[in-house]
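Full structure from sequences and hints, please.
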Amino acid sequence: MVISEFVGMACALGLSAMGSAFGAGFAAQSSVGAWKKCYANGKPAPFIMVAFSGAPLTQTIYGFLLMNFIKSAVASGADPVLAMFTGIMGGLAIGLSAFFQGKVAAASADALGETGKGTANFFIVIGIIETVALFTLVFCLLLLQ
1 MVISEFVGMA CALGLSAMGS AFGAGFAAQS SVGAWKKCYA NGKPAPFIMV AFSGAPLTQT
61 IYGFLLMNFI KSAVASGADP VLAMFTGIMG GLAIGLSAFF QGKVAAASAD ALGETGKGTA
121 NFFIVIGIIE TVALFTLVFC LLLLQ
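Numbering of the sequence shown is given in my numbering, commencing with residue 1 and proceeding in unit increments.
Hints are not guaranteed to be accurate.
With a straight-line cut-off of 16 Å between C-alpha atoms, the simulated EDC-like cross-links for lysine to aspartate or glutamate are [said to hold, decoys possible]:
| no. | residue 1 | residue 2 |
| --- | --- | --- |
| 1 | K36 | E114 |
| 2 | K71 | E130 |
| 3 | K43 | D110 |
| 4 | K103 | E130 |
| 5 | K36 | D110 |
| 6 | K37 | E130 |
| 7 | K43 | E114 |
Taking CB as the label site, the calculated pair distances span [unchecked claim]:
| no. | residue 1 | residue 2 | range |
| --- | --- | --- | --- |
| 8 | K36 | D79 | 50 to 56 Å |
| 9 | I3 | G118 | 18 to 24 Å |
| 10 | A10 | F135 | 19 to 25 Å |
| 11 | N41 | V138 | 42 to 48 Å |
| 12 | I128 | I61 | 14 to 20 Å |
| 13 | D79 | Y39 | 40 to 46 Å |
| 14 | V32 | D79 | 17 to 23 Å |
| 15 | V2 | K36 | 47 to 53 Å |
| 16 | F85 | G33 | 37 to 43 Å |
Think of the hints as simulated: they come from the structure by calculation, not from any bench. Don't be surprised by glycine CBs; every beta carbon is placed ideally from N, CA and C.
Here it is, written out as structure tokens:
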């Protein structure tokens, strides 16, 4: 095993998880604020905002999968330098997807708390951002083949 392989593996998981942490943090803070507004105005507080808060967490799973794909690819003879850059750039793209998904989930929680409407629309746009991470994972896997 070459050090570049480990750098790629660490970046795949680490950058993805950092994006998830930031994204979930943004969304959770906004959900709590939206619940506070609901309680203060005597409106029911939508529990579905918990899903907004947790949406960016799936990108950590994608980072873990990418880390394992890198390990398997190098064990099968893939170039360790390619694996390193795949881990760095793939982890960064997945992490940024989680980061921005959290920002959109935060805006969604705020809007839902204020209006009580639009839940399906909010999940659609959150899902679009999720797709970036899924595409990144699949394309990185194909690159490592």
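Outcome of the hint check:
1. K36 x E114: Holds, at about 11 Å.
2. K71 x E130: It is violated: about 24 Å lies between the C-alpha atoms, which goes past 16 Å.
3. K43 x D110: Holds - the C-alpha atoms of D110 and K43 are around 14 Å apart, at most 16 Å.
4. K103 x E130: holds, 12 Å
5. K36 x D110: holds, 10 Å
6. K37 x E130: violated, 28 Å
7. K43 x E114: Holds. K43 to E114 sits at ~9 Å (cutoff 16 Å).
8. K36 x D79: 50 to 56 Å: holds, 52 Å
9. I3 x G118: 18 to 24 Å: Cβ of I3 to Cβ of G118: about 48 Å, so the range 18 to 24 Å is violated.
10. A10 x F135: 19 to 25 Å: About 22 Å separates the Cβ atoms of A10 and F135, which means 19 to 25 Å holds.
11. N41 x V138: 42 to 48 Å: holds, 44 Å
12. I128 x I61: 14 to 20 Å: Holds, at about 18 Å.
13. D79 x Y39: 40 to 46 Å: The hinted range 40 to 46 Å is violated for D79 and Y39, with Cβ atoms some 56 Å apart.
14. V32 x D79: 17 to 23 Å: Check failed, 46 Å falls outside 17 to 23 Å.
15. V2 x K36: 47 to 53 Å: With Cβ atoms ~51 Å apart, the hint holds.
16. F85 x G33: 37 to 43 Å: holds, 39 Å
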